[in-house]
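Asks: Below, each chain spelled out in residue letters.
Number of protein chains: 2
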Amino acid sequence: MNRTELIRQIKAKRSFLCVGLDTDITKIPAHLHAYEDPVFEFNRQIIEATADLCVAYKPNVAFYEGAGAAGWKSLQKTWEALPKDCLSIADAKRGDIGNTSKMYARAFFDQRHSGLGFDAVTVAPYMGSDSVRPFLEFDGKWVILLALTSNAGGLDFQTIKDGEGTMLFERVIQTANTWGNADNLMYVVGATRGEAFATVRKHAPHHFLLVPGVGAQGGSLSEVCEYGMNADCGLLVNATRSIIYAADGRDFAERARQEALALQREMERELLMRGII
Amino acid sequence: MNRTELIRQIKAKRSFLCVGLDTDITKIPAHLHAYEDPVFEFNRQIIEATADLCVAYKPNVAFYEGAGAAGWKSLQKTWEALPKDCLSIADAKRGDIGNTSKMYARAFFDQRHSGLGFDAVTVAPYMGSDSVRPFLEFDGKWVILLALTSNAGGLDFQTIKDGEGTMLFERVIQTANTWGNADNLMYVVGATRGEAFATVRKHAPHHFLLVPGVGAQGGSLSEVCEYGMNADCGLLVNATRSIIYAADGRDFAERARQEALALQREMERELLMRGII
Numbered sequence: 001m002n003r004t005e006l007i008r009q010i011k012a013k014r015s016f017l018c019v020g021l022d023t024d025i026t027k028i029p030a031h032l033h034a035y036e037d038p039v040f041e042f043n044r045q046i047i048e049a050t051a052d053l054c055v056a057y058k059p060n061v062a063f064y065e066g067a068g069a070a071g072w073k074s075l076q077k078t079w080e081a082l083p084k085d086c087l088s089i090a091d092a093k094r095g096d097i098g099n100t101s102k103m104y105a106r107a108f109f110d111q112r113h114s115g116l117g118f119d120a121v122t123v124a125p126y127m128g129s130d131s132v133r134p135f136l137e138f139d140g141k142w143v144i145l146l147a148l149t150s151n152a153g154g155l156d157f158q159t160i161k162d163g164e165g166t167m168l169f170e171r172v173i174q175t176a177n178t179w180g181n182a183d184n185l186m187y188v189v190g191a192t193r194g195e196a197f198a199t200v201r202k203h204a205p206h207h208f209l210l211v212p213g214v215g216a217q218g219g220s221l222s223e224v225c226e227y228g229m230n231a232d233c234g235l236l237v238n239a240t241r242s243i244i245y246a247a248d249g250r251d252f253a254e255r256a257r258q259e260a261l262a263l264q265r266e267m268e269r270e271l272l273m274r275g276i277i
Numbered sequence: 001m002n003r004t005e006l007i008r009q010i011k012a013k014r015s016f017l018c019v020g021l022d023t024d025i026t027k028i029p030a031h032l033h034a035y036e037d038p039v040f041e042f043n044r045q046i047i048e049a050t051a052d053l054c055v056a057y058k059p060n061v062a063f064y065e066g067a068g069a070a071g072w073k074s075l076q077k078t079w080e081a082l083p084k085d086c087l088s089i090a091d092a093k094r095g096d097i098g099n100t101s102k103m104y105a106r107a108f109f110d111q112r113h114s115g116l117g118f119d120a121v122t123v124a125p126y127m128g129s130d131s132v133r134p135f136l137e138f139d140g141k142w143v144i145l146l147a148l149t150s151n152a153g154g155l156d157f158q159t160i161k162d163g164e165g166t167m168l169f170e171r172v173i174q175t176a177n178t179w180g181n182a183d184n185l186m187y188v189v190g191a192t193r194g195e196a197f198a199t200v201r202k203h204a205p206h207h208f209l210l211v212p213g214v215g216a217q218g219g220s221l222s223e224v225c226e227y228g229m230n231a232d233c234g235l236l237v238n239a240t241r242s243i244i245y246a247a248d249g250r251d252f253a254e255r256a257r258q259e260a261l262a263l264q265r266e267m268e269r270e271l272l273m274r275g276i277i
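Chains A and B, in that order, give the protein sequences. Okay, so the first sequence: first residue is 1 according to our numbering, each after it adds one. Okay, so the second sequence: first residue is 1 according to our numbering, each after it adds one.
There's no promise every hint is true.
Chain copies aren't distinguished; within one or between two, either way the pair holds.
[Unchecked claim] Keeping only pairs whose Cα atoms sit at most 20 angstroms apart, straight-line, the calculated SDA-like set for lysine to any residue is:
1) K27 x N99
2) K73 x G115
3) K141 x R269
4) K161 x Q174
5) K27 x E223
6) K27 x Y245
7) K161 x T175
8) K73 x R112
9) K141 x R112
10) K161 x L261
11) K102 x A152
12) K73 x D37
13) K102 x K161
14) K77 x I25
15) K73 x Q111
16) K141 x G68
17) K102 x T26
18) K27 x R44
19) K13 x G115
20) K73 x H113
21) K161 x R44
22) K102 x Q217
23) K11 x M273
24) K84 x M273
25) K161 x D139
26) K11 x G68
27) K27 x R112
Please keep in mind that the hints were generated in silico from the structure rather than gathered at the bench.
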């Protein structure tokens, strides 16, 4: 899905919600364990219940890899079940030397090799240019590069200042801007860093930002919009646990829908307030 | 495998060689394609031919993930085939927020969950403490944290100096030293950065270092030893392409053995020269 189509979906659905599919088999409703692939069945019902309210889905690969080859199959079936009008993001946070990153890019982008054909993959910047470029070489695909993450440890290194007072996450954005552009590169900026969005927008006014940390992690949607929204919206705000684990009974999908709907309505207000829709 | 046992193996085998198993199905000898799982058969023969010459094996997970669920099975069979007197390293370069890193740790360390029970996993530091600690919580397992990598892009961010002149990779080592210790934490330092080993050893005199970049990438073993070796050896030097792709005919395993043997002999000389054996 390209940038134009993504913006079109945001305006049509009046939403910039990304639903995280970090599906932990120990947290899903008990009755689903009767299915052959409980993780996939959970995802299938969540997707069915939320598809009209969000513009992206983001399975975190760790939750599938944790179950080995069987987990990889659940991931593949989940990817196949994602609606084509939603951006599909493999939250993998990969990054390795050039020839190896190329293998990772194939793993997530090239269905002929791996069975997976995600639109986007999250990538870690520590290993630099040749670890990121192989992902950018796939036509029509997106790299979503870690910049300023939502977790506590994000502050250990990402905000270290160089001799000129530029923080590491700023250097990452400045440098990566020379590798890709707003049509194939997004940045991860945690919602828990509201005040930092203005700094990020100085360096990346047009790029989309993937924003985790709203919901269970405590980030504020209105603050993210105030400092982070641009004329095209430019935000994909992710919520995971607050939606997919809203309830653990037979009504889990309906309750997930209610949570997604509440966020979509809040997002609609933000889009209207700024004249984007 | 704990530190004492690792040092014992190094002294017994007179080697600190790690063989990388980055097995690319397009590069293996044609006759292996007759096997049900050509990648595994290649690995099995490489392992059989080199097991007495090395102390560690390091499959890079990208090369398995690239083939989806089938690739994951090849990885599992490869892990099962690794000799117990060698350290098994999953070169995965993972790292995510706390609850997610825990899933990754299970994926590589906990056989009951994933079928894999590696001794060590490589981890990327960008997301900080809570992305690394879940791996360190597994008793008897190792984290091998990226510090200064061997690729060209390694210089994009890893050598940025803060206001006091400390480079990012030094900050990573200084900070991670407070999360783990020389019994459960190693650092990745590329052989292509010979001059940097002295700096690394200032911050981590006792830790083992995993050193990629000898062989195809052009790093010098004698330079690595001169600046990086400590009283316990403290080095695991990895070679991949120069060993596993030494030949592409029916003699590939024998030729891989010859390459491994040449490195082992060079390592033996380094160990003797410094009185470690």
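Asks: Looking at the structure, which of the earlier hints fail to hold?
Replies: 3, 5, 10, 13, 19, 21, 24, 25, 26
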